[in-house]
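Participant: Chain order of the listed sequences is E and Z.
By my numbering, the letter at position 14 of the first sequence is numbered 14, and the numbering carries on one by one without gaps.
By my numbering, the letter at position 257 of the second sequence is numbered 1257, and the numbering carries on one by one without gaps.
It is worth saying that the hints were derived from the structure and are not from the lab.
There may be inaccurate statements among the hints.
Just so you have them, the derived chain Z footprint on chain E, three or more residues with Cβ under 8 angstroms [stated by the list, open to error]:
| no. | stretch |
| --- | --- |
| 1 | 394-403 |
| 2 | 411-418 |
| 3 | 422-430 |
Note that CB positions come from ideal geometry on N, CA and C, so glycine has one too.
So you can see what is in the structure, the chains are spelled out below.
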Amino acid sequence: MRSTVATADDAVDFEPTEGGLARVLGLIEARDGAGVVAAERERREAALRRFLDTPTPGPRPGRGWRHDYDRLSIPGVRWTAGEIVLPASPFDAVAALARDADADVPALAVENAAGLVHLGARVVRAPASSSLPDGVLVVPFADAVREELDGVDGAPATDRFAALAEAFQNCGAYVFVPDGTVIDKPIQLVFATPEGNDEAVFPRIIVRLGAGARATVIERHVGSADAFVCGTVRVDAGENAELDYVAVQQAGENARVFMQRSGDCARNAVVRFHLADLGGTLVRSIVDLHLASEGSRGEAAALFFNTGFQHVDLSTTTTHHVGNTTSDTVVRSAATDRGQGRFTGNIVIEARAHGSDATLRDDALLLGKRAHIDSVPALEIAANDVKAFHGATVGSLDEDALFYAGSRGIARAAAVRMIALAFFEPVIARLPSEALRDEVRTALDHKIDAATELDG
Amino acid sequence: MSEQRGLVARDLRVRVENNEILKGIDLTVEPGRVHALMGPNGSGKSTLAFTLAGHPNYAVTGGSATLDGTDLLDLSPDKRAKAGLFLSFQYPAAIPGVSVANFLRTARQSVRPDDLTPAKFRKLVFDRLDTLDMDPAFLGRYVNDGFSGGEKKRLEMLQLAILAPKYAILDETDSGLDVDALQSVGRSVEALRASDEGNDIGFLVITHYPRILRHVPADVVHVMIDGRIVKTGGPELAEEIERNGYDELRGAAGSLQAETAGGVA
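Only chain Z is shown next, with the shape it has when bound in the complex (with noise of 0.2 angstroms):
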């Protein structure tokens, strides 16, 4: 077991229905530090979340993943949870009559066994709802059913906030949201790293747009194009991702393939 800090991705191979997904993921995303995960539509970002997260769907045919030294291949999802591992869905499930307030309580029983008293756990979940502007009536509803796109994302960032993981990667959490909604997500994200249980938390957050990098901003920008990360920068990428577009990219993930070939010719 390697002893290196981090959410690690060595040369991850990962197939979907006889289709290679992912063609060789090098990444490591350090406590404390908010990765950006950008490009284009199909070229593997949420595969590589969902692979990280333990989806059963999604074959993993070489390489590894660790987190903090811990392979997660291995593990069964709620296992990488345990780990440390939170996994922000972009269309998250509903659970109909499984209340929020029952999910939560679960969820972070199953997460950091018996940490909380139950009035302080209250406190907790109350403290995270007013950061996200959300009314309290939201715990009585049922996990996710019957809410719309703004509502699921809120649920997940108070699900963070509420679970306060060591690395949380955040899938398109961006898309569907309304300004107002972002820069809750955004309060949130920050109140989070501002606290004692948050402020080591390692991000991946995987988007489109630039657009959520305004309310969270990245440390470091990773481009990924067909399966593989093409290019990987500042905060500066991003900004040249929303004047430029991909194609400029797409050429250099051509390039790459072409030499990738040539080289095993």
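Same shape as in the complex, but just chain E (with noise of 0.2 angstroms):
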């Protein structure tokens, strides 16, 4: 097991520019040597010429929406290059980042801390490969590029951000599940980033799942610092292999959160997006489905609820390339105080996916008057002979309900509180295991009992 030990001198600012780049290339120099980075100067250069050049979909600055995709500055936020600093006892390491963290986070507990960890850029905590099923890879990306694992190396990155995020990249996680296994425990990637940790964590996620394998990947991201998170996600799912991958975002009030994340099934495969954007200020959250074989299924679970300042912005696009493919994408949003989302669900049905079967359904709720949340749905079909559905609303709590549970001598607030948290239930309810839902219901809670105004 490697060990290095970091500094304050392993920082740069982080700055999204050529210059931003030349420094975090310095960082990476000094570190591996010129001969490893001229191979790797090339690609992260691209990277962001690609960002650079890239216009953003997605909502402009207006009323309500204050954040300018394309004017992003991103001050006092330090880019380390992310080693791993395992302690001669990661158990401590731990224990000392739940002191630090949001003690309400359940994942940063140490009984259950199981899987990766991050602190920042470093990687404090791995899993012993004794603590996990034979054959089961659960490491640090770094060690994955080192030992050149089994597609490490994707495709450029097409999106504006997941291209700054390839060229900033400096943490990460890769798993692998070997086929027919099945894993019980779920795999926690966890990225904190503590009071003091204003830093630039740029996360590359790889998950594949052999044949018939099953497992669930809870990615994480704690903490109450003004961190900026940029990173890229892809799951592959082989032949009738089943993962549920669950993103849990509980980042800092101040933090900014971009992640896309992309899934690939293999025939008869199923793979489950579960997400919670739940903390940040600013949140990108992009979930791209590809369902390219027979009997493949695709599901995509969602929501957020903004409060204060917050802005989620959320997009979907599940892409049936055959036939016989069926998906599912369910989303509930809530807004409140200043809180503005944006919600952009859509399914591609390719010319020759005969019966495909496409489910799209998003709700969202409006508790406050200057709240707002835009939905955005769209249906491309090229085939015939397929089942596509979509459904959308926007409103605000129901009266009658409110009236209904008064006149059972529940008092308004506690009415509204009630009838608000359930709302997100059936997005809820699809979370794989009870002690994920019930953290999920509690971080709601918490939100609510955060939020100012509740009763527009």
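Starting from the two chains in their separate frames, assemble the complex, guided by the hints.
Facilitator: Right, here's the structure in full:
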């Protein structure tokens, strides 16, 4: 097991510019030597160029939406090369982390911290291979690159922020589950930025399931720092494999989080993305599911609840490349205070994908007069003989339900809370364990406590 | 504050969107008694129910409503429930995402805080489910979400039995029920009235047809037409309505109106 010690000198101010990338490459060169960097320089520079040249689709600044993706400025955030810092006792490091970070985050409770834990861009805990079933890999992304593991070299990113993540990539994880292996315990990938860790975190996560394998992977973002997280996730499910990929994002209230997650399913494979974007001030979440083999199924279930000044921009695209594929997308979003949200849901059924079955359902709840959520569903169907359903609503709390609860002695404030929390249940119910369901319910409950306006 | 026991309306007048619907209702439901309130569609029966329960769309323009001397009109709907009022809705709202079990627990805890241990509460719920011939799987479903008409009414009766209020208004509980469901509603009310918690409940049973009164026999029958109670009598009044309909009484309402108008002139 390698172990390196990082110092404060290992960091530079993060800037999404050519000068910023040059400084970043300087740090990598100091660590790995010029020879290694030469190979990487070209790739990272090309990625940065794509970032600078690609326009960002998504909401433009205006009434309500305050952020401009094209003028992203991230002052005071530091970039490190993200070494692996494994202390003598990883257990102690995780315990210390749990004390530093938000105590309400169950991921950081010592007994639950199975998996890979990042502090900023540094890996502070990695699971011993002896603690995992035979052949299962859960390794820091840097190790996967060094060992040239299968699928580590993905195609260049086309999305603007995925390109930025590629240019500045400094951490991440590689998960592999061999053919026929079923893992009962979820694999957790934790990205923690506690107070004082105002870091630029650029994770790359790769999850590969062999034929017939089954697993649950939980990606978590926690911490109270004003961090900038920008990363990509790519999951591949082999024939008949089944993957639940859960992302619970509880970054700090001033954090900016940009994640692009994509999935590919082989024949009869199932990939389910579960997203709970709860933290951060500006969040851009993208899900891209590809169903390119018969019998494959993709699901995306997402929720967000924007309070304070939170902006969340969620976009899902499910592409049915061949027939006899099914997909199901369900989104529940709510906003109050000055919260702004946008959901873009795309279903694409290609010309030869006869017999595809796609469902897209999204409902938004407005709890404050100045809150706003846009719903932009789009169905693009080029095949005949397909089933495609789409439904969307944006509304406020049901007064009849509030009166009904009142007539049973439940005070209005309690009824508002009960009905607003219940609104998220169709998404929560799909989470793969009761522990996760309770965790998300508790987090939403805390958000309701923090909201100033709930009865708009 | 008057000390009069009962659910009491005095000259209660109510407007909905500038139409006067209740034109001076006088009614007293005593503890332990069953009052039936009958009348044709549109006579204002449900308006009276919603007004007593505190629906925000019903504006009281005159008169009073009290529950054992407590002024109801100043209270929010939940405080009226805490004072001991229960309304069984004709069309209860769905609350997707909230399970029946959770809703029952929250409601009981709001109305009668901490009076039962969780084990005793559980036993109460299962006993009442049994009386109503309801499957315990009901508890896991979301409140009224995708329920049939009959299931909704049974859930109303289940809540009545679990909250055991001082006064219960049953608004058209019989509408949309088949004979079996009606019988189990009758059994449930009977069991509740025979229990320690429920033997003193005063009922106001609102109905269009007299058939529910065969399952929940009334002590007193009132007939409401055009926002007024035009006749009050014993159970025989319900039989009379079954035979003759409301036409004769409608005539009485007309002459009452003429009388009132004459009085004013």
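Participant: Going back to the hint list, which numbers does this structure go against?
Facilitator: Violated hints: none; all satisfied.
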